[in-house]
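Each chain, letter by letter, is given below.
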Amino acid sequence: MQGQLIGWAIWFFIIVLSAFTVPFYFLSNVPKVTGAFLYWGVFAIVAIISVGIITSKWRD
Amino acid sequence: MNATYIYTAIALYFIVGTAVAIYAKRDMGRGVSDFFIANRTIGGFVAALTYSATTYSAFMLVGLAGLTYIGGVGAWGFELIYLSGLVLVAFFGPRFWLAGKKYGYITPSELLGDRYQSRALQAVTAVASIIFLIPYSAVQLIGIGTLMNGMSKGAIPFLVGLVIATFIAIVWAYMGGMRAVAWTDSLQALIMITVSTLSLLVVVYGAFGGFGGLFETLETKFPKWLTVPGPGFFNHKAFVALALPWFFFCLSNPQVSQRLFIPKSLGAMRTMVMGFLVFGFIYTFISIMWGLSARALIPGLKSGDLATPSLLALDIVPVGISLLVMVGITAAAISTINSIILTLSSMVSQDILKVSNPNIEESKLYSVGRIFVPLFAILAFLFATLKLGLIAVLSVASSAGLLVIVPSIIGAFFWKRGTAAGAITSIVTGGIVAFWFQFGGVKPLGWGPGVWSGIISASLYIVVSLLTTPPREKAEEFIGYVNGALKEKNAI
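Protein chains in written order, with my numbering: chain B, 1 to 60; chain W, 1 to 492.
The following block holds chain W by itself, in its conformation from the complex (with noise of 0.2 Å):
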């Protein structure tokens, strides 16, 4: 494809983002509650978008369709049990909300620091999140750069396209944090539901003349890509060791738990829940139906990663949807990238800088923690650069890195003998699990490190806390305001 139009298509996506950011940030003021998560007042489908931009990135069309190429339908009951993770929302959505706004917590890390009276697990928290998630933003910007290289056929360079997502992910969330992002999240959710849908109409009716005729072509010539294991890839084992992690999703990790946060009222919360879950619904319809259209039309591929390319180089898929396409894919990429460094930025003002001096005022908490947008969008970019394989494996261990927070917010509500030793115990010791067991392929009994890592921080949590003490007072008094809470709201 010609790269004049690829520039001109990522322009006009950036103006008109920035319009947009430019309108979210108008009534913005200089706090850092206001900064990093809208001072709570963002309305119920502004969230619902949010939620689904941040959550979905560049993996959808690119990753899933990829390994739906490889290993057929299981991809498709992975990804819908992620998605039923967001009954763990209609639980903790409204604890995590009723806290935040009695308490005033701005990150999910001050949520546990608070409850568990501890500092130390505030900044354990904060930076077991920076290690795995800068690697997750830098694979999204090399998928970006790898993706503009390819549709311009090397015309438009790798670090060209590096450059490009990295300086909008900053503009947009340095403008306007919270209400920028979440605004810009919207356009970005919009224009990837819309431009995902329409292609793959154009797919499936081009080539198959409808659904009925891609799976017809699937149970005649490709049975065991409807059947699991399948071909092979999704063995019982790997599928577990894949979803479990991810089915905790909405709990561990801080970009997606932080907008729990930011609903203006639990009806809106209600609103984010239900459309995001439509969202996904469609979503990870359209990514599947796109891999296994690929699998039916292109079966000769060396590799998942190229099933999306290759359809969209197919005669039947006219250019301008191959660059809506690409415009959806990297929109998917920068939604998620922006999100996650505004919220590390926020971890460093709360968790880091606040936790080491208390006495810290306001503003500087605000200017400090605005400056780490940039910063962590640039390290990203190094780390992108790099190409390192450290930076693929951590990328990859982030589920199950991150999984190993889920214990101590379960707990948190639910368990008042909970310490913060016990937390931290099974923090640290579950994420140097999960990168030990992702980096050096151990697999015990055969189960990967998104089992062990959930296993061995369940067990440490409840062990090491039974063995020291608790904060009682804490614990009862937090326990106790949010069950009350939860009964005026009718919530469970």
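In isolation and in its complexed conformation, chain B is listed as follows (with noise of 0.2 Å):
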């Protein structure tokens, strides 16, 4: 359970920090709808599933 709960902190740490600076740093150029806004979309899309990943399997 402690190595899960590492990594899985890792793994949005991760995500998390990328919402934060790509769109900045890496999008800053693209004004398309395929640029920040798609990688917001994505990134918000990516956390739900990993959070739909954790909470099926908790049990009652």
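Treat the hints with caution; some may be incorrect.
[What the hints assert, rightly or not] Covered stretches of chain B (chain W as the covering partner; in silico rule of three or more C-beta atoms under 8 Å from a C-beta of chain W):
hint, segment
1, 5-13
2, 18-24
3, 29-42
4, 52-59
Just so you know, the hints here were simulated from the structure itself, not pulled from any lab data. From a predicted model like this one, the values you see are computed outputs, not experimental measurements. Even for Gly, the Cβ is constructed at its ideal location relative to N, Cα and C.
Hey, can you piece these two chains together into the complex? The hints should help.
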């Protein structure tokens, strides 16, 4: 459990950090819907799926 | 718009909501747990909707749409980073729920007070929440007053809008506590998502022929609005200072974290979390598209706050849709206000009254806590009528101000060495810094209060804890129990 917790924490740290940086440093010159808009949308969907995987394992 | 239409729509909304509240409270007992957290019996679907309606206020279709109008796609990133903060519930949700059930916590402050063995910490956390959340509620009321006044072209006075909103918030929360709030929130969440989806489709298909048309217009005429910093509002430092405290919203704001106590099972909590995430993603998309549509259709507005009212006034939006959107925004505001006043009332009962007199009878805690529902609503109303600049500052500072509670929450579950002195110092000093920086416009190294309050409170929590003695026995027992129970439930 401890290993899983650390693994997921690192994963979330990476994707959240990317949401704070990638659109500013790599997509600031892409004035298209396929630029920052798409990146943040995909980031959110990845985060939602990740939370879905974690919560699907919970037992009542 | 004719004021009669608005009064009729609000009256219908109130009647249906009250019927739902009466239905919801049918099995309600007279205990504090029953009144404030529905005895931990809320099912997943209702929990998801109350979580959504409590979290999303009038800010979305008015404030966020306005931010998008001014700053472009950065608003989408900011709000989705906030939504992704729910990853914290994947870690802390089961911990709150298990500890709440085992030790009988009703408020998040109660959890902190017991874990750190400090009544002072419990009271300090409750007072900090009251200081920052009453102005936040007042701003919601101001939003409703302004919206009704603006849509009726002055026929509905600002004060009448405030009175209507305050009255509705009081009736539902006072009548049935968490049960009524959760069920009316569910109704309101459904209203919010339905009318906003409908109105967006009307605008986007009416004006642009579909989303492809809207995106094409933006790419050709307003390309800057699809990048950051884009038009300039969302420079990187401003973005971080805004988004960082909101990432921790699900832990820092007690009206939201208290909802981690209410699901009837972990399965219900799973539905709550996933339901909220789907709701949040759709509602955020709608609010952002709303702001971008306003930019493409009416680019000359002086303020972002005018984006939504101006869009609703366009000929392409039928009167009926405008009316529904107004009800949707009102529902978003009221569902946030009544959840806040209920949570703050539970804090008065459990974290102030019970702490100052541990032998007090439960019936008294229930009665006094319940009386505070209208009292807090009236306080927010009075603040709203004053329209003081200070209210706006406190409201804006609320996310940075409440962020200071987060290090103590994380430490409660993960760091046995954490102490009450460390927690109190970090919350009090961090809260003062958040207010001072916001009020004085102080930005050391260009970073706003949302960054500094977090850094200062986390540092103080660690340093002061290391210099003081922790409640070892309680820490061992508490963390040991939670970790053991997590293993049984297969939660990380």
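Taking each numbered hint in turn, which are not upheld by the structure, reported in ascending numerical order?
Nothing - there is no hint that the structure violates, so all of them hold.
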